[in-house]
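Undergrad: Using the sequences plus the hints, can you model the full thing?
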Amino acid sequence: MKPTDTSHPDYFHQVVDCQWACPAHTNVPEYIRLIAQGRHSDAYLLNRESNVFPGILGRVCDRPCEPACRRGRVEDKPVAICRLKRVAADHADAIRAALPTRGAPNGKRVACIGAGCASLTVANDLLPLGYEVVIFEKLAETGGLMRSNIPRFRLPPAILDDEIGMVVEMGADLRLNSPIESMRELLEQDFDAVFVGSGAPQGRNLEIPGRYDTDRIHIGIAWLESVAFDHIDSIGERVLIIGGGNTAMDCCRSSLRLGGKDVKVIARKPRNLLKASDWELEDAEEEQVEIVLNHSPEEFVIENGKLVGMKFAQVEWHDDGNGRLKAKTLGHVTLPCDDVILAIGQENAFPWVERDIGIEFDQWDVPVVDPQTFESTRSGVFFGGDAAFGPKNIIWAVEHGHQAAISIHKYCDGDAMTERLPHQMRLHSTKMSIHEWSYSNDFDSAERRLMPHVNLKERFKNLDIEVELGFTPEQTLTEVERCLNCDIQTVFTDRLCIECDACIDICPVDCLTITANAEEQDLRQRLTVAATNPEQPLFVSGALPQTGRVMVKDENICVHCGLCAERCPTAAWDMQRSELVIPYASDEAKCQS
Amino acid sequence: MSFIRKPKINYSGQRRNSLGLTVRDYEGGMSTLCAGCGHDSITSALVQAFFELEIEPHRVAKLSGIGCSSKTPAYFLSTAHGVNAVHGRMPAFATGANAAARDLYYIGVSGDGDSLSIGLGQFSHAMRRNLDMLYVIENNGVYGLTKGQFSASADVGSKAKKGEVNEQRPIDPVKTALAMGCGFVARSFSGDKQQLLPLLKAALKHRGFAMIDVLSPCVTFNDHEDSTKSYAHTRQFYHPAIDADFIAPREPIRAGYDEGQAVPIQLHDGSQVLLRKVAPDYDPTDRAAAFTYLQRCEQQGEIVTGLLYIESGRPTMHDINRSTATQLRDMPYEELNPGAAALAELQKRFR
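Chains as they are written, first to last, in the numbering used here: chain A, 4 to 596; chain B, 198 to 548.
Hints listed in this document are in silico derivations from the structure and should not be mistaken for laboratory results. Keep in mind the model is a prediction, meaning the values are calculated, not measured. Virtual Cβ for every residue (Gly too), placed ideally from N, Cα, C. Among these hints, one or two may not hold up.
[To be verified] Facing chain B, a subset of chain A residues (Cβ under 8 Å, in silico):
(1) 496
(2) 499
(3) 503
(4) 538
(5) 566
TA: So this is what it looks like as structure tokens:
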């Protein structure tokens, strides 16, 4: 293999699994270290740079970081990254004074449609540059789906108000109760750019017999919105939720708080194929919701104009030989119910965007959007969040917002949108003295801490009781030490190596080998422990001075304990902190001036 | 040295031997030797050897004298028996222990000072009586613990860190062992585990005294230019003569060896050592020829390594002394010490 090019920012970035997996590339290890030092405000601000809403995301993020976490490969459970983010938000103080402020007006006006996370991120990035940002929201409240679709017992309104307030207070022109009825009319107004962050507000329907013979069948996200804004305050005792995603989990748990006694979630697929996050399934089951698997809806059973049950086919899934799953019906069953909530997906809908104004839509009626610039086929009109590529999650929407803000800024300045600043990587040694590092390098074998919950009797009293209590200080202290500090990189200088084997002998996970060079497939088999995870790269050094062999490191389960560097007599190994530099709109602006 | 213990991490993919132990179960305490010390590498090879031979740690006795090398038994097999003895007197302790409990694996770890200066007499006599043990000399040519004076194995012309040049002839443990009639003589290098590991395994299974002289550079006092015991110098003049593979009983001999090139040597427990000649004119079963070869290479500055002499089946201390089959350890006290009357009766016979 050729020597690994560690000068490319992606190499060390990829080693930081959590940051690599995060759409917004939040610097997780650094904020965990800041929490460990009690610097909660600094941890919050570091989070906010990339993800804008640490308090919200610390509760309801989809957490792509956690399945990626290296700790999950070393032992069972990843670091509770999301919970720690909430710790930073819970204990941060005096944040507002440290936030960016509105820049001197630059005379440019940007319209943002929808006051959800994508639009708010665009505003957050553009207001400091002097843009006038007008946010149009059709509802009477901000937050978009974060407020209307995530129940209050998971995400209290006060948290939304606080973090959205930080953006609006920067000087956004927020116009509530202002639905955009016509894109054409908006474009005729005096805006330099338009950003569409209107989400995916339309729940999928289920057209099976009986669908329109009762008023006790609800569309999940619309129903959640009605609950959020107190238009609905009760539900029947027996409720069936159709769907296996996170919306289904929110619906079933909300039902329990509105009078539901026997609440079942009915999914067509087996457990391992459910879209809901594991932790959301666990939380629902803790509340005694039954998850019924492999049941395919067939019809609503209506007797005397009243919904009394729902008929399902019990199915079994087989691979059809082409990698697709095919259902085989085993039997039929009717489950009694008073209400049914459909949580089988959602779509974006643009009835207010005229189809003759240069904004193209594809065969699924989704706008055609450039994945790098987020510009639509009409110049100056940008899409982001669920509105762009369909339903994803908050953290993706935030990242879309950041990227769209860069594009809008470049567009307004007349610069090429595709010529964007690249990621950069800063490296600095953490060496303090011969064997002392500026991070806690010892491996802590503690197991993942469990989030304390309000007890099962208390929590159903009303919708406002936040179930998760947040980590105690003791839990935080333990959990922060579980982080392996993957951003403290093992940096190797081949010309210094004397091949004494000290690093290989001391490595607790046997990830180092000195051997004759070979092709990757061969090399992976010949290591001290064979490298069996093809998703994790091998580091290969240049030829070593004494024998011409190479140092090979399998990045897969390195625990970044620094023992290789402690045992190295020539400092050929060094533990260096890698810091990913992510450009935002403000950085693009600085580069121009 | 490192300042934190090597953490125990149970990652998937860790191998276990037939005893259900991982290689980590054969480790010992945290090493306090200098970072990069060859001794730590030898420790690591020993850990691997015991793991692969599937020896229960409590069936091993570790013995050492004084010196950097003699600290190392603390760094492997923390659940084995062990004695850290007086400087140079480890063989006497080993002899006593072996006399009482002959069914353990004995491993002595010594250094060039401990074996070739203060302990040369003990070292020689242990070989003479063919004590059944593995004797590892971690040889770095300097007294590391007293800040780098030349030891008895320093080569003529080798320069100390501060500049003085050694003029005294070295004592070569390999030639000494050949002269003393040792039945298993090897030399290796801490930086070449591929060679060292099978040697350690074969030596542990060899019945009788097995001596391995392991060049083990002292990174602090003897790894500079003009040192003849540095990593760089050793690699430059490294001259493997006979490579050995250790093959456990019932383990199939891997194909691919040219029959004429590989010479199998049977060990007492059914395992085999497969010798492969790297130097075609070398015969590891001919003591006199081996001696001559070593002498010739030494004059050219070459460092001959490998399994340099092997002769299995020589009588051990217990054979020569016709010791009881029952280990002294297992004898009842009355039998071991029949009392003053019995002693007087015995003495009468010699009057």
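Undergrad: Using 8 Å as the Cβ threshold, decide whether residue 503 of chain A counts as touching chain B.
TA: holds, 5 Å
Undergrad: Would the hint on residue 538 of chain A stand, with a C-beta cut-off of 8 Å toward chain B?
TA: violated, 15 Å
Undergrad: Against chain B, run the beta carbon of residue 496 of chain A and see if the smallest gap drops under 8 Å.
TA: violated, 15 Å
Undergrad: Taking the closest Cβ pair, is residue 499 of chain A under 8 Å from chain B?
TA: violated, 11 Å
Undergrad: Is the interface hint satisfied for residue 566 of chain A? The criterion is a beta-carbon contact with chain B at less than 8 Å.
TA: OK, holds: residue 566 of chain A within 8 Å of chain B, min 5 Å.
Hints 1, 2, 4 from the list above are not met by this structure, while the remaining hints are.
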